[in-house]
Structure formats: C-alpha cells, structure tokens
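Chains as they are written, first to last, in my numbering: chain A, 7 to 543; chain R, 7 to 543; chain W, 95 to 548; chain S, 95 to 548.
The set of hints was computed from the structure by calculation and includes no laboratory data. Any given hint could turn out to be false.
Not everything, but these chain S residues come out facing chain A in the computed CB check (under 10 angstroms) [stated by the list, open to error]:
id, residue
1, 154
2, 217
3, 218
Calculated lysine-lysine pairs in the BS3-like style (CA-CA distance at most 30 angstroms, straight line) [said to hold, decoys possible]:
id, chain 1, residue 1, chain 2, residue 2
4, S, 162, A, 31
5, W, 532, A, 239
6, W, 471, R, 30
7, R, 462, R, 27
8, R, 394, R, 285
9, W, 162, R, 394
10, A, 334, W, 471
11, S, 304, A, 31
12, W, 472, S, 532
13, A, 285, A, 128
14, R, 166, W, 162
15, R, 331, S, 532
16, W, 162, R, 30
17, R, 443, R, 346
18, R, 334, S, 170
19, W, 532, A, 341
20, W, 304, R, 346
21, R, 417, R, 216
22, W, 274, R, 24
23, R, 400, W, 304
24, A, 285, A, 24
25, R, 30, R, 443
26, S, 472, R, 100
27, S, 170, R, 331
28, R, 427, R, 443
29, W, 257, R, 24
30, W, 532, S, 170
31, R, 239, R, 216
32, S, 472, A, 400
33, W, 181, R, 27
34, A, 334, W, 304
35, A, 27, S, 170
36, R, 142, R, 132
As the structure is a computational prediction, the values presented were derived from the model and not from experiment. Ideal Cβ positions, reconstructed from N, Cα and C, are used throughout, including at glycine.
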Amino acid sequence: MAFTEQQLEEMLSQYSPKVQKNRKKHMFVRDTSLEHQQIEANTRTIPGVITNRGCAFAGCKGVVLGPLKDMVHIVHGPVGCAFYTWGARRNKAKSEDPTQNFMNYCFSTDMQESDIVFGGEKKLAKVIDEVVEIFKPHAITVSATCPVGLIGDDINAVAKAAEERHGIPIMAFSCEGYKGVSQSAGHHIANNILMDRVIGAGDLEKAPGKFPINMLGEYNIGGDSWEIERVLKEIGYTIVSVMTGDGSYEELKNAHVAELNLVQCHRSINYIAEMLETKYGTPWLKVNFIGIQSTIESLRNMALYFNDPGLLQRTEEVIAREAAKAEKGLEQYRKICEGKTAFCFVGGSRGHHYQGLFAELGIETVLAGYEFAHRDDYEGRQVIPDIKLDADTKNIPELHVKQDERRFCLKLTPEKMAELKAKIPLSYYAGMSVEMKDGTVIVDDLNHFETELFIKLLQPDIFASGIKDKYVVQKMGIPAKQLHSYDYSGPYAGFGGAVNFARDVSMAFASPTWNFIVPPWKDQPLLNGAVNSEGVA
Amino acid sequence: MAFTEQQLEEMLSQYSPKVQKNRKKHMFVRDTSLEHQQIEANTRTIPGVITNRGCAFAGCKGVVLGPLKDMVHIVHGPVGCAFYTWGARRNKAKSEDPTQNFMNYCFSTDMQESDIVFGGEKKLAKVIDEVVEIFKPHAITVSATCPVGLIGDDINAVAKAAEERHGIPIMAFSCEGYKGVSQSAGHHIANNILMDRVIGAGDLEKAPGKFPINMLGEYNIGGDSWEIERVLKEIGYTIVSVMTGDGSYEELKNAHVAELNLVQCHRSINYIAEMLETKYGTPWLKVNFIGIQSTIESLRNMALYFNDPGLLQRTEEVIAREAAKAEKGLEQYRKICEGKTAFCFVGGSRGHHYQGLFAELGIETVLAGYEFAHRDDYEGRQVIPDIKLDADTKNIPELHVKQDERRFCLKLTPEKMAELKAKIPLSYYAGMSVEMKDGTVIVDDLNHFETELFIKLLQPDIFASGIKDKYVVQKMGIPAKQLHSYDYSGPYAGFGGAVNFARDVSMAFASPTWNFIVPPWKDQPLLNGAVNSEGVA
Amino acid sequence: MKEECCRNVNENPCNMCMPMGGILPLKGIERSMVILHGSQGCSTYMRRHISEHFSEPIDIGSSSLNEKGTIYGGEKNLRLALDNIRKVYNPQLIGVLTTCLAETIGEDVNRITAEYREQNGLDDLFIVPVSTPGYGGSHAEGYFYTLRAIIAQLAAPAPKHNKINLLLPNLSPADIREIKRLLAVMQVDYTLCPDISDTLDRPFVRPYTKMPEGGTRIADIRAMPGAPATIQMGMTVADDLSPGKYLADTFGVPLYTVPIPLGVENTDRFLAVLSEITGRPVPEALQRERGRLLDCMVDSHKYNFQGRSVIFGEPELVYAVTAVCMENGIFPVAVATGSRPGPLRAVLSQLTRDCPEPVEFLEEADFVQIRTVSRQKKANIAIGHSDGRYLTEREGIPLVRIGFPILDRVGGPRLLSVGYTGTAVFLDRLTNTLLEAKHGSYRRTLYDQYYQAN
Amino acid sequence: MKEECCRNVNENPCNMCMPMGGILPLKGIERSMVILHGSQGCSTYMRRHISEHFSEPIDIGSSSLNEKGTIYGGEKNLRLALDNIRKVYNPQLIGVLTTCLAETIGEDVNRITAEYREQNGLDDLFIVPVSTPGYGGSHAEGYFYTLRAIIAQLAAPAPKHNKINLLLPNLSPADIREIKRLLAVMQVDYTLCPDISDTLDRPFVRPYTKMPEGGTRIADIRAMPGAPATIQMGMTVADDLSPGKYLADTFGVPLYTVPIPLGVENTDRFLAVLSEITGRPVPEALQRERGRLLDCMVDSHKYNFQGRSVIFGEPELVYAVTAVCMENGIFPVAVATGSRPGPLRAVLSQLTRDCPEPVEFLEEADFVQIRTVSRQKKANIAIGHSDGRYLTEREGIPLVRIGFPILDRVGGPRLLSVGYTGTAVFLDRLTNTLLEAKHGSYRRTLYDQYYQAN
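So here's chain A without its partners, still in its complex pose (with noise of 0.2 angstroms):
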C-alpha cells in the first residue's frame, strides 16, 4: 500500500502549527523521482513528545562500553543508572579466562546526597580501589551521570590518580546523561576515548593471521556476532577484535593490526572506523550481516577487498553451502510470511539492515526509521559537509587524530581504493533512504502519538521495535518484534540468523493467539481506519 505525501500532510495536520513544522523536516514519503530527500536527524527531541531515544550515557556505558568482559565499568552517580544498565540488552559474551568476565556484574558509587553536596571524587577513587583489590581487573571504565558534570567532579583526575597508584589502565567518560540530544552522543564520547587510549595500546605490529580484520559496531546481541564470525573463521579470516560485542580489552588494544575494519552498525561506529583510517591508514568496508542477500554481497566486497584467490574461491564455498542451508530453513516460513506488511523502526543501523531480511521473506517494509541516527544514515556519507552542527552536537569534544607515524600504513594504492570504491561501499555508506521503495515511508525520532497513527494508517502487519512501544502496539492488535533484545532469542545475523528469524516472525504470524482477539460479543473490524481524535498535539 503506498503511501503519498498527502496522507503525510493530514496526519501531520493534527499536531500544532510549530510542531507540525518541526516534525515533518523528520519524515518524508519515498519518491524515487526526486533527485534527493533531505530528512532532519540528531536534533532535539520536544519535550513532552514521547520518544525512545535514551541519554548519551545509555549509549557510552550501556552500548559501547558495556559489552567489553574484561573491564570493570564503574558507574558514576546514584544508582538507578547503573541499575538500568545491568544486563538490559542481551549482549552476551564467553571469555577463557573466567576470572576476567565482569559481564553479569553491575558497579556503582551509588552516590548519595551528600557526595552531590561535597563532591564525589573521593568516593569515586575509594570504589576504584576497592574494585581493583577484589575484581584485579586489566582495565577499568568510569561513566559519569548527570550530576557528575554539574557538580564538578573531575573523573579525568581521579582517574588519572588512580591509574598511577594501580598500574591499570582507568578511563573516565563524561558521558552526562544530558549531553547531545540522544544515545549518539555517549557513542561519540566512547569512540573517542576508545580510540585515545586503547585502540593501538597493544605491542603487536602484525596480525597473528592472515586476512586480519576488525568487526566493528557490532554488538552480540543475542549471539549475533558468533554466528557471523563463525563464517568468517571458516572463510579464513582472521578477526583481531570486535566492538564491542562479547569484546575484550585485550583484543581491542591491538585492533591496529587490521588490514580492514568491517563496520555494520554504521551509526555507532563510524567515528573510529574514520579515525582508524586516517591513524593507520586502514579503509573501512560497510557491511550488512542481516539477511541472506545482505550477508552475501558483504562477504564478496570483503574478498574483493582482499582479492585473493583462494580466500575467493572459499567465500564462493562457503556461500553456496551456507545459503542453501539456509534457503531450505527459510522455505517453510516464506510461505506463512509471504504478502505481510512490516514496520521497523530502530536504532540506528537496524531499521535499515532488516528490511533485506523482511524482503526475504516476502515482507514488504512498509515505514523504517532510526532512533538515533544522523542524517547521513538516511542520506549517505556524501551529505556529511552539509550538515549544520547545532549546539548539542558541537558539545561533544571531537578528538582529532593523526597518521601514526610508525604504524600507518596504506593498505590499498589510491588508485586501487578507487577503483574498489566503484564496486564496493569502501569508507562509504549510501543510508538507508536510497534502497526503500516508493510510497514507503521514512521517520526519524518516531514518538509514540505518531506511531499510533500510522500503525492505523499503514496497517502493518509486524511492528519491529523495542519494549517501550511493543506493548501499545500489541494493544492494537498487531504482534511486535523486538529488534533490540530479540525477545530473549537470537541469533539473527548471518545465514543461521535468517532462519532464526523468519522463524520467530512467523511464530507472530502463525500463533493461534491472534484468532482470539475479537471477543465473540464484540465483532469489530481488526483496525479503526479512521484515526481516533482522542488528542493532538
């Protein structure tokens, strides 16, 4: 069902005049004619407008530093935020050596009113010590939360201090919750302090294998990243570190040794992907593990990348095994999915990276959008010198690197990264905008008065979300899927992940639940199509 700007337009209509205007700049309808669609992205949130963007600490601590086993994250303030933070998002991680896995731990200095009145420095390095005298940890992270900044507390500095008496390496993140206008701004602050002080820490000069690369922003959520890499093993790659799911200090450390650094979460990432390129001059390759298609093309750009045979010759094996593996799992659930309708709004690399996988299975994505992304992840990289730096963003300290002398190294000629750059998203990412079809429509910072309406007006069939939306939508009648925590299953990365998935959107499908929604007192048409007018903003 295609959607027209026109529909837009009405919908929009209900809101007031100003926020009218400030929402449509967020959305648009796919118009393949039009030589460009500009969203606005990474803007503040209205107030009161319910979204599900959370705080630049939840994306420092709880996505880019949380999943990093061999630290001890330190949280920085009362509590709640650590509590929140505590196993939330399913990012599972093994470890050999047991003693140094702190994932299922939750550290705080639980600070109390009166460490906001007389400062908490002291505590904060008391907690240091004590963590460093029972855990023995190789590293440890500080996150700051909001009164940390506003009171003063010089994390740096204590860290600093800390660091001298232990020996370890102690990082400190001003990650204040009120920084930027979402999670984005907590993935900046961890990129760079990543990139300063442990990226490059380690002695190693050459990678321990052949093919060595780095898998960046990907998070193991549920497996995910196990499942791509046992791919990537069997095709011969040597993988150095990956960030951060079921990451490691000690791998990251080293992550300099990389001949490429594969990005699939583009959005959370993109600045140390960047930032290695220009330090040790390794190129980046946009990657898409999610769905079948996706997977493959992104396992060919690598080998082309490589161009060697035999890597070549494996990658077309173990492509043509594993994919007809999988197009057996998946035929089954085709049949239950084929001709369904789906909503994805998430994050900010997912509600891009599923529509593939949706496709697959015969699911057309009828609305996508990100949470917290930036306008190139909708538009491409290209827009990037076109972006107004307003002054939530420009609050985030860029960190500015430069070649390292010893260790960098151009991993292709200029005229062989261009000629790639031709075939393959080398140090690129075109956005998810370019790839969606006509009438489908494209959101940014959806809120939940809005969800509701084009829930109503788009009737999908499958809403691909998170917890915070899942149970409205599902009110509605329509089953939910979480892309964040999977709904406690998983993998859905790579070949074994397809299959994972189709299985688990065909269970929405396939349950016998959903013939018991209309009461047999009570037969009413599944959806309203008329839109309630029970309140506008």
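Knowing the structure of chain A, use the given hints to seat chains R, W and S on it.
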C-alpha cells in the same frame, strides 16, 4: 497421665454391646501387677469399621517383594493394584548394575473384563515373555490380585512354563487381597516362596567375609538400612543379604551362608527366620536399630553371639564414638521434646521400636499398637503355642522345611545357645507390651472411631502413624508424624537416624504454624475433653 | 492409536481403577459415605492415594471380604458394614462401590442394598450401589459412571424450578470455587454436582467433625429433573456413562455439553451457554477478565510458540488442556490417556486439526509409551498429573502439574486453572516453565564457564 | 547492619532510584500522566523496566533537558513538556518528578508548575511536583514520598463520609484485586490509593486508548480528609514519607498502620482493623478461607521447617514476606533491602525475635552482600524480585519470585500473594520450591545411577 481400665470401659461403652465385646479384647491398659495381659490380634476387622489395614497383596508384593530391586515384579490383575504399589513405600535402592534395577517400574497385566471371563493365563504368559525380552531380568515374581484366584488362573503353571521357556526363576505368589485378615497374610506367603525358591538357590558354601549376617525385616524406608549397614560394616560384619530393603535376588539366594540372622521387623519376616534356623541351623537375633540405646544393645548382643575379642572391642569403640556424636546431636532437640507424649500406632514392629527413641527424647508413649501384628508381637513368642488358629489363618499355607542335609550346621552348641538365650533375645521376641509402663494403652487394629476418642482422652502431643489417619489428627490440632513413609524424610534408624528423627519430631513441636490454630475471633480450649456424641457403632 | 497393538504389559500406568474414580463424586455429596464392597486392601490403597493428593482425611468403609466371603457371598459383611458406617457417620447417603472381588463372585448389590434399606426402614437414607470392578474401566470411567448412578438413584420427578444442573468432571476444589464465582457473577441459580470444594479442601476448624461440611445437597439432586437445563462438562463422556444424558432421556432436561472452561474458547462456550439459558449477557467484569487473559496470551505467545507439549491424564482434562495448548501455539506432539477408547478421539482430532504436525494420540496408554513418543517427537513440556515426573527425571522434560493425583508436590487442591483468570495463571505456569528451561540451559553454560569467577 | 561499614562500591544493586518509585503511584491515579524533569534517558530507562515487569505500555513524558538546560534552567522545557502531554493525553493530573539533573541544578518545580497552572487557567488539571532526585533514596522511598505528595496536593477539607482511605505500597495488580475482594466481602466503602490494578494490568480491549481505564479517582482523593479512618499498609514507612501521617496530622483522620496482608497474622490484623472501624464482624466466608490457610500451613509445616530463607526487596514487602516465613518456620537467615535505614529495622527485629538463629539484617544492601551472607548462612530458598536470580545461578539457591521487578518470567502482575487465599498459594510456591529442591537432589542421584537402565 495414666489411663485406667475404667476409662477404657467408658470409652468402649459407646459401641454396641457386640462390637464392644469384640473390641475390648483388642486393647488393654498396661498393668504390671498382673501376671499376663492377653490381647486378641490377627483377627478380622469388623466390616465398616475403618482401620489402616491393607490386604495380603499389599503385604506380599507391596512390602516383602517390592524392594527386591533386580527382579521384575509383575502384578497379575486389573491395573489398579499395580498402580497403588508403584513407588508408594519409599523403600530406597541403589544398584551397581543399572540395567538390573527395576525399582521405579510398575508392571501389570492390566486385566480387562474379557480376561476375567475367559481367563488371564495367556495374557500373563505373554506379559512374562515381553518382560523377559525387554528387560532381561535375573528373576521375575508374579503376584495375584483378587480376581485371579476366583477365576481359577493357575499362575503357578504359567510361571513354571515360562521359567522353562526362559531359563530364569519365575515365582508365582497367590496373594489375592481377600486372603487372611491383613497384609500379614501376604508377608507369610512371600516368606514361604522366597524360602522355598530363592534362599539357598545360590552356590556359595561359605560367606565371603567374617561374621556373616543376614538382616531380616528391614525395608530401607528412607535409607534406614544404609545407616545400619554403615555401622555394621565398620564394626566388621559381612552383610550377606538384607531382606528385603535395597535387597536383591542375587544376594538373597546365598543368604544361607550367614551365621546369624538379625530380625528387625519380627512380624513380617519371622517365618523365614525360623525356617532358616530349621534348615541351616542358623539362630536369629531380635534386634532393634531404632533409638540409640536399642541400637547399642543390639550391637552388643550381636557381638556377644560371635564372641570374638576383636569384634567386641570394635563394637564398643564404634558405639562410644557414634553414641557420643548422636547424643550431641540430640541435645538441642531434647529441650524441645522433653515432657511430651506420643501416640504410636504403626505396622507390625514400629509401634514397639519407636517407643525407645521417643523415650530418649523425653517423650512418653501413652498408647501403642499394631496394624497387623499377631499376639506374639504384643505378648512374646512364648504364647505362640496357645494362639488359636482361626479359618483365616489356616488358609495361609504353611511351609514345612527340613534340615538341609548338606548345609545344615549348628552355629552354636546347645549349651552355648542356652547360655546366650538367657542373656540375649536369641531366636526369641518378648513382644511390645512387656516394655510398656503402667497406665499406657495397648491397642490392636485401631480404627478411626477409636483414634478420635483416644486422641481426645489422652491428648498426646504427637501422633505417629500413617497417611490415612494423619489428616484426621492434624485437623484435631495435633502434629502427626508418618512412621510408614517418614513424610519424605529419613533415615531414622541407627545413630544418625535418631538425630534425624529428633530433628523432625522437634519440627512438629517447634513449628510456629501451630501457634495459629486458635483464630482470634474464637477462643476455645485446644481439645474438647468430652467425647463428642456424633455417632457410635 | 496404541503404539504396538499386540503389546500386553502395562508398564507404569497412566490411570487408576474404576472404584477409585467412583469415590470422588461420592465425596462431593453432602453427608455421604462410601463403602467398597470387597477386600479391605482396596479401601486402604484408595484412601491412601486420595488422602495424599488432597491432604485430607478420606474415610471409606470396606466390607472387608475374606476367603469365606468369596465362597458364601459377602452379603453379611456388607450389611454389617452398612450398620457400622451408619452408626459412626450417620450419613444421608451411602455409595456402595463394588470391586474386582465383589463383581467376580457376582454379588447382587442392587438387591442387597434395596433389601437392607427396606428391612431397616431407612426412608431418609439413600444407598447408591454402583458396579465398579477394577477391570471395568479406568478411574475416569468410574467417576462418571458413579455420578450417573447417584443421579439415577436420587432424581425424581420435580416441579420446574430455575436451578441449572451443572455436572462436573474431576476438578480441583479451587477450580470448583472459581466456577461458582463465575456462576455468581452471571447471577445463575444452580445445582453443582459433585461439589468437593469444601469436602475435600476442608478448612481447619474446631471441633473436628467426621463428616465435612459442604457437598451437593441431596434435595437439590432429587430436584434435578425440574431444572431448566443441564450443563455437563463432559465432551469426552460416552452416553452410557453420562449423567446429563440420563436426565435428558429420562426427564427431558435439555443437555448442554461443554468442555472444562480452561482456555478462552472453552470459557466463552461455558458463559455463552449460561447466557443462552438465562438470557443474561456476560457482564462487563467478566469481559475484562477475558481481556486480561487475551493480553496475557499476546504477551507470552512467542515463548509459548516454542513449546512442544505432551499432555496426559483423564480424558476430559486432557481435552481442555489440549485446547489451551492449541490456543497458545504450545502445539501438542502427543496426547495420552490411560482410559479406554471413547469420544475423546473424535473431539480431539477436531480440536487439533490445525496442528502443524500430526498429534500422536494414545488411548489406554502407559508411561512407557508416553515417554517413548515424547522422546521421539522432542516434546519440551509435559502437562499432567505427577506420575509424569519420570518424564522429567529420565527425559529431562519439565512437568507442569495439573489434575489428579499430585503426590510429589503440595497444593494440588489449590491449583486454579479454570475461567479466564484461572487460565491466565495456568498459562503463566506453562510459559514460565518454558522460560525457565530456556534460561536454565543458558544458565548452565554460564555456570560452567564463569562459576570460578564468582 | 552493613557487612563492611567502610565499603563504597555497590556491586549488583538491590534497588532502583527514587523517581522510578515515584512513577508507580502516579500510574495508579485515574487519567494521570508523569513527566520526568531531566535528561530523557531517565524516562526511557524507567519506562523500559516498568514495561518489562508489567508487559504494559508505560507512557512517561520527559522534559528532555540538555546541556543548555543545565546552564539556563529547564523551565522552558518543562512548560513545553506540560503543553504536549496535555494535548496528547488530556490528563486530569500530571505528576512532575524531578531527577538528579533537575535537583542538582536547583529547579524550583513547585513554582514553575504553580505558575504554569495559573497562567494557563488550568483549574481542572492537577499538577503534582515531587522532588525525587536519584540520590535522594531508593525507589521504595520515592514511592511513598510521591504518594504523600499526591495526597498533600489534592486533599482538601471535605464533609465526613464513610469511605475508608486505604493506602497501599507497591503491590501486584492481582494483590490489589484480592484486597478489593476482601473489602467487598467485609462490605467496606473505601478509597484505595494508588490503584494500578486496571491501569497496569490492562485487558486487551478495542479500541486501544492512550489512557487506561481505572486508577484511584481524583475526587475520591480530594475527599480523603472526610474519611472515617486511614488504613496504611506501611509498617516500614517513616513519618516524613507517610501519606497516612499527613492525613492524620493535617486533617485529623485516624491512622491505622498495618502490614501487607500476607500471612495469617497480617491478614488477621487487616481484617481486625476493618472490623474495628466498621463495627462489622469478619464474615464466615473469610473465616473459612482462614481455616483453609491454616490447614495448608499444617499440611506443609514439615517441609517448610527445613527452609532457610533469604528475603530481599522493598522494605514493606520484605517485612510481610518475613512474617510468612516466621509463621511457617521457614526461618530467615537474612533479610535485606537496598533501601535506606528506616523503621524496618525495629519492626523486623520485633518480628524475628523468636528466630532460632539471629537474622542477618542488611540495609542499603547490594547483591554481593546478599550472596555472601546467603552462602555463609546456608540459605536454601531465596524470596524476592528477579534480580536475585544470580543467587540461583551462582549459589544454587532457588528463587521464589515476588515483588518488583520480575523481568525474567512472565506474570509478575498476576502473582497473587495476599489475603488468606493468596497466602496459601504463595506458601505453596515456597513449599514446592523446597520440595523440588529435595526431590531434585534425590533425582540427580537417581539419574546418575540408573539413567542407562532406561
């Protein structure tokens, strides 16, 4: 609180004269000033008077045969009786050869109406064939339920033919539920056939170790036998077989090599004890491993019998150590139990055995009785010649064994035997009554009606019986302890068991639950002293 | 169908015998007693099992037949048993259930009890003789056959009144109380029979009385023929066992057959029938309960869809549990009953027609068959009474306990599973069992790998 | 007392922050909304956690303060948030909860909201500003402090009426429904506050509405000063957090403080207070429920006596659960709360005075402390919210889930534990957990030894 004959008469006066006369013979108030107090036992329960008694099938298959772990016990009859004896007695077993442990199985020929009409022999034969094929047991028993005898199935012939077919012992037990007056009939039937077909069937001519003994009438409820064996082995005994707790066909068939037979439950196994003495010249010793003093005494009597200096010394050493440890364990519980009174109506030996253990905790037994005992279990074996055999008893076949010409061997000279008999209960049991105090009540085949009256009159602090009367008494506000199944607890035998028992009984007294049985809006005395008058038989 | 048609041995039975089933409805009649006419072992075994499930005293008389009785007949014993039960319990009704023994020797309990009643001038005492030999069927058949006999014995032409007859299968006291609550909310007058909700789940009260309060009133059973309708929860009850059919055939009382109200659709059906009979709509309060159940189902459907269930027990319960599984995508791989072939097969095959895989259906099943098929078809959740525990012990399939008997856990009588609200908590038990198994294996990995770290 | 008084690190917290606790009572007021004044992350995190526990949409606004707001103040943002929330939700009441950020920069929400209300002429909209910085206490303190603020803001002198004020701690919707049933049986008129029984356990109904039905009516809260009495389930609530104390001090409404009616004695106390206030006796029906609970306790007391419990969570729930454990001999070895020191210590030490071993009491506890003491004192059953799952994973102590949050199982809102009947099913959960552990180890042995045989 001493009870009087007069109170007893008053209580019984609520019965009709005929029933009163019948029941009066089954109970008396202990009076040591009388030369002898006779009781009537092992006679029919009055129809419609609800007691705890089971049937011959229960005694044979349920009690004696059931614990033999390496035999398949087939119940020939409709499915119910097999179901009701499936795992209901908590007789534990472990096996070195896991393919020969059938304890958790229940086998039935599941007779249907047509089998009743046309006979079940063929079906039984087929079931035996199937069992042999699937389980390959070393031996099989077949127990008959009520209809089998009535329709004239010749289970002996079927078993014999199958035995020839399969070359393993297959024994038939005509233990139809209507035989005799209680499970006691079934014990006897089982004893006879085990003696006839199993014991002595082994090739051993000499025990594999020193001081070889059999332990008879110990069913390893809750692991009792394991606790006893632990101590016996430590002292230096060789346990040839246990009849039948955690017992096995393989052990039982060599039971003839023992040099002494211990009898724990006199009632259920005295037939075998006697026959072993007749056939092999092995005396039996009545033991009681319930309670610390009884255990000590039993151990000393055993040592006296073998009269070996090393054995005597080890006996005392083990007693000293174990008793000290147990005493220490009991201490805390004695404080809770001291001064309490018990009502102890159980089976055919526990009604007696537990009194000593109760006494060690400071609990006086004010009433005791047996479900299915004979006069000798109350009055001592000297009364056996005087017991009138009624029709029900006469119907149980007697097995007349003779000296085994090859294997018979007097273990003691007649002089030594006589000397020992004066000191220890060798081939003798003095019965329960003799140890009971004046003013306590002894009752045979107690019924629900009397239970209630006695509870009201005697106001005991704890009621030790089984599941069928437990809830009646608990609803009267008195804690109950199941001494058949131990309420999922145990072991209670031996030194360690005494402490477990003390703990569990203390629980009953100390549990705060009992503080709540008087509701705040209704305050009544704990027990109505007066007998209620809702009905008399 | 039976796995091997020519198999004779019953290993680890999934059912009990006919008189056991006969006892239960008699325990749900006000001031009634039971005598088992046979060997006293029958009474003892059945009292033991029922007591353990309900944690309640279960007084059952026995005529204590012995060898002599097998030759000369048991009339004298039975008369004596009746005398004694009357004197001690003063019941209003005595059920006399036969056993293997009494039936094999051909006791005519109809004649004996009729004569006894007449000779003793017992106009106020009802005696209900029921032919329940152990080989006559499973306890499930015994249950309905006895309930039919009670009603056939008592029911008499009565003036029309507005109490609906509600005939129940073997349900937990908590379930019966919930059904009564639904009836109260629907403002329905009813005679519910049997009613064990008080008699087999007695409060602790002083003083203890031999006869519990509660149970269906005899006068109400007498008046059943005057009822506007009978509702029988008995989808699986054969006509010759059916008390509802008896009332319909004999007195013309319209019969509505419904399943146990477990699950949305089954509860809908029950309420719809009440609505139809009374003309009153389902009130808002119950519609909200229904909405809550739907909400719960939606919230849990993904976890449930991963369930592959094996369901066993009495036919009527098995039918209702299968319905809940079907509604929630916990598709059954096998459904089994120890009972004899009856209407279950037909209604079950209708119910499971949309199952993605064919459902194995076992009648007269034992647990060896159930285990075999559970393993073969990779069941990951078992639902039934506690004899299914070996499915957990030996096959690692977790068991959700429901039905009778539950001997290895407490609270069987307090298990609530019917109605919208009961179904929701029952479903939570299923879902959480699946979730626990899922987390459990994850945990085990964690445990192995990280234990030393902690 | 704290295990190590000089320890600073909180490892694996047992509590959440103050605004989280403030949200819950606001969700129990009819047509009310919440705005968190602070960074939008606060709102997102709390919505996520509450949603997962209740499986319900949790709409919470945020003033989305950013760096600029930290410098120039957040008034503009808060006003905009109020505008937008009003427009979309049209609420009757908006709770404005502050966060670490708002409090640290010193926002005067009282002034801002008062001016906003006045300037917009919002006579029909109540705005309740509450000071709930994350460092101001745990979520348990935030809950009562907010409830007090709501009542303080709304309550106004009112004519005498006969509705008793009933003020609740954080209970499950199922528990609240059960309390309402008890009140109905006792024929009591009441204003129950907060009432999340509909708002956070919404039926599936068409059409979906942004604001759920249900919640305490604002008019009823307004009239609380005219009530004959206040009953507050708040044994552990400090006076300065106590809404009941506020009503007593300000309007002279007599205050009865009772525990959550979990357990015999606690339910007795609740009913006795109702009896005392209304002059009506406890009806027979409830006495029978009490008798059933006693019967259940007697039946299970032996298994329970083998329990050694560790109890953790919100102070008020911890107190009530401890009472159930004390009544049943599941003697606690440790009782812990993440909350700050308050009245709990005193009432708990009174409650546990007869414990055979001294009970370890931990305030401001984290799970590392709880695990340590559980291991040291050989606890064999844990009772509390689902963050205690590590006690199972790492110490092998089974966890009976109760309270908030329950994130790893479904049905937290449907968990019934209060009243006599609720206590019986709660107790069954405890007893069966102990029984399962007991059979489990037996089973493991069996499994190891006999598995090959099968």
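- Any hints from earlier that this structure breaks? Give me their numbers in increasing order, please. 2, 3, 6, 13, 18, 22, 23, 24, 27, 29, 30, 32, 34
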